[in-house]
Structure formats: C-alpha cells, structure tokens
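S.K.: If you want the building blocks of each chain, they are given just below.
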Amino acid sequence: MSARSVTTALVALLEREQAPLLARRFYGDGPASPITASLAQVPELLEVTLPFIAGALGPACLDERAKEIAILRTSALLGCRYCVQTHTAVALDSGLSGQEVRALRGDGEIEHVFADPRERVTIEWIDAVALGRGPVDPAITARASDLLEDHQLVELTLAVGATLMLNRYCSALELPTSAPTLERLAAEGLD
Amino acid sequence: MMSTIEEAVAAGKIGGRVWFYSNYHCNLQCSYCLTESAPLVKRRELGAQAIIERSREAENLGFTGFGVTGGEPFILDYMPELVADLGRRLPTVVLSNATLFNERRLREVEPLADLPVHIQISLDHPDPIENDEMRGPENFRKVVEAIPRLVERGIGVRIATTLEDPDAVDPEQQERLCELHRSLGVPDEDHVVRPIINRGRAKSNEIGVLAGFEQLEPELTLTADGAFYSPFAPTVRGGRLDTDLLVSRATAPVSAPAGALLRIADELPAGHDASIGIR
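Those protein sequence lines, which keep their order, are chains A and B. Just so we're aligned: 159 in the working numbering is position 159 of the first sequence, and the numbers increase by one with no gaps anywhere. One gets the working numbering by counting positions in the second sequence from 1 and adding 191 to each.
Be aware that a few hints might be false.
What the hints assert, rightly or not - Calculated Cβ distances over 10 Å to all of chain B for the following chain A residues:
(1) E17
(2) L22
(3) R102
(4) R168
(5) R184
Stated by the list, open to error - Simulated restraints, written as ranges between beta carbons of each label pair:
(6) D381(B) / D29(A): 47 to 53 Å
(7) D63(A) / M193(B): 48 to 54 Å
(8) L147(A) / E198(B): 52 to 58 Å
(9) R428(B) / T141(A): 55 to 61 Å
It is worth saying that the hints were derived from the structure and are not from the lab. Just so you know, even glycine gets a beta-carbon here, dropped at the ideal spot from N, CA and C.
Sequences and hints are given; from them, build the entire structure.
M.R.: What follows is the structure, given as structure tokens:
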C-alpha cells in the first residue's frame, strides 16, 4: 500500500463551526473523521449513514476481530488508501498481530498466518464477495456454510458490502488519513 | 385536528412563514449583504416552478405565510406573477431594493394591490449620501421615487432600515428617516429597524452583531442550496456558502426539512429568539 500523503480531500471537510445543526452531535469532542466531516455537507444523509456504518461495521454476532478482518481485507482488495491506513491501526487495537495485518493487506500468505479454519474460510468468503461478480463460487459457499451460521454469514456479507461502499466513497473523495494514524503506521512499519 | 406544523406554529416553536430565496444575484452590491449578492455572482436561482410546488405543500402542511428574498427577487421577470400566486393563498412579504420598478414593472405588480402582499423595501438613512455609501450610487433616489408609486397603486409597502447598531442611532436622524417614510406614504407600523447581522459580506467587513441559531427564530428557509434554519442563515462569505445553519440539502418534499427544523426547535430553550430583535 502506497504511503502517499494526502492532506486535502476533493470536497470541503466541514469543521465544527461550519457543521450543520443536525450534524453537530456526530462531531464528538475531538476532531471529526473525514467521513463525518464530508457527509456533514448533506446532513440528512449523515444522519442515516453514520448509524448504518456503526451498525454494519461494529461488533454484533461477530466480534470486533472478525469485523476488522472483513474491513481491512476488503479495503486492501479495493485499494482504498484511507480505509487501509485507518483500519490497520484499528485492527492492531483489536488484537490482530502485525503479521496478520500484513497478510490481510496482501503482504503474506493467509494460509500460513491464519491457522483457524473458521477465519480462513471467513477470508475466503470476503475475497469472493469483494472481488467477485454474480453468485459466490459454490465450493466456497459450501465451505462457508459448514463453518459459519446463517446469521454470521449475513453479518459478514453486510460488513463487506458496507466496506465496499466506504472504500469507493473514501477513494473517490480522496479523504485524508489523520496525521496521528500515519505516524503510528510509520512507527509500526506498516505505512 | 391541527397538523404537527400548525401546532408548532401556534405554540411559537417555529415561525409560520416559509421563506424562499428566489435567487442570489442582485443589481446592487451592499456592504453588509448576507449573501454577497452582486450583479455577477452565481445566480443560485430556486426557480418559479419549485417555489410554487413547495409553497403549495407548505400551505397544506399548515404554514401561515410566505416570504421571498434574495438577491433581488424583482430581477427575475416572473416575480410579479409568482408573488401574486403566493399572495392569493397566504399573506406574503417580498424583500426588495425597489430600484427596478420602471413603468413596465409597476404595471406588472398592480395585481398585488388586491392581495395580502407587502413589498419590504430597504432604506437605511434619511440622507442620500449616507444611504448610498452602503447600498450603492443612486439607490436613495430610486427608492424614494418607487415607494410612492407603489403606494398610490394600493400595494402594501414596508420599509426596512438596517443599522450597524440600532440602539446607538442618533434620535434626530431616526426621526428624519421616519418623517421621510411617512411622507412617502408608509406609516410607522410598517417601518422595521433591525441590526446588521455579522454574516456574509458584513462579516468580511467586520460590521454587525453576531447571530447564531440561539438568537434567531426558526423559520423554514428554502434555497437552491438546501433548507436553512432562518432567512439570515444561507449566507455566503468569500464565495462559499455557510453551512452552520443548514437544515438539509433536500427541500422537497417540504415535510422533510420542516420535520428536521422542528426537531432542532424542540431542543431550543424557550424565548431564545428574542435576544437581538430581528424578527
């Protein structure tokens, strides 16, 4: 993944003082994320999109580790600089090792790094959903159905789909990665 | 049974008037203009059809009046007919600089005389030089010529005086201004004095009083850029639209921004809007 430094987005990222009234509650105490600060341009979309993202990408039946595997892997496959950089840091915080993160980003063999068959089929499913066209290969579907419950497959697939949406959004609008995240990735050798 | 909007208007939670920013461009370039309006700025025209459609929906929702502002609304050829359409349904006020009322325009606005329509005209100073300093050359002369011609046709006229600090104005100057508008046929009850709001070009020029949403009355304001909290909200500075008082980008169906405005208003403390008296 390129460490190209992007400090400005294609659209204005609204600072707190320019945030529309109904968008302000999404700003929190610190600096708003570029996703929030760009979506604030259309406050009625911000109001529905952020709760959706939080629901789709946050832990539910699948734990945080599984969700971060889905997000980071999908983002790497789609080549989304912002999402890969941001979720590399989140994945490390979620307990994934540096070696696992590298493998998910395409730098290392998944089979050698992930020993758990359930996680391996999870990644196989993610790859098929993120990159495939039409239905998933029946052989992959069969392996996934053996190891994942229906509700887990639903949640995983939605996480991949939501990530795909965000990947295209963040890439097309050239959202900048925060300086602290870039510094951390550099320190971890993951820039 | 009252609608949600009717109840909110009756309870004073939101203003009953829906404002339409017909356009942002203007034949003048006033030093305190909220929208940086001028002859060559981006027009940002809402459009007659959009105004008619949204006004009909607003009427059905239970709003009680319409306002049209800009820019200069009467720069648009269709404005007299549009205002008549609005006025036939609900009381309507149109804000104008009154510099475009030539004979043809005067004939076109004559039907407004029979309707609950007021044209609110800006006049800031009883002396031409001081007035025109902020509003541009010949403004005073054109205004004092236009007002009696509108009045004699039976059209409702209000005068709006915008001052940097209404509390600090010279009483003698104020009295001369009142004598002037009375002489033009506009009574005291149709004269409003309000402060310059420190937004738009006034902010760039460092004049006017600060106004956040806590000081403004919630009044649904529809523009080409979206729905805003107040007619003082969709301001432009440095060519860029202010979004701090944006309610939603979508303006139709009107029920959507109206509902969003109500949600905002529900969170406001009572009496918040009276602090700088700019209703």
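S.K.: Hint by hint, note whether the structure agrees.
M.R.: Hints, one by one, checked against the model:
{"no.": "1", "hint": "E17", "result": "violated, 6 Å"}
{"no.": "2", "hint": "L22", "result": "violated, 6 Å"}
{"no.": "3", "hint": "R102", "result": "holds, 41 Å"}
{"no.": "4", "hint": "R168", "result": "holds, 20 Å"}
{"no.": "5", "hint": "R184", "result": "holds, 31 Å"}
{"no.": "6", "hint": "D381(B) / D29(A): 47 to 53 Å", "result": "holds, 49 Å"}
{"no.": "7", "hint": "D63(A) / M193(B): 48 to 54 Å", "result": "holds, 50 Å"}
{"no.": "8", "hint": "L147(A) / E198(B): 52 to 58 Å", "result": "holds, 56 Å"}
{"no.": "9", "hint": "R428(B) / T141(A): 55 to 61 Å", "result": "holds, 56 Å"}
Hints 1, 2, counting from the list given before, are not met by this structure.
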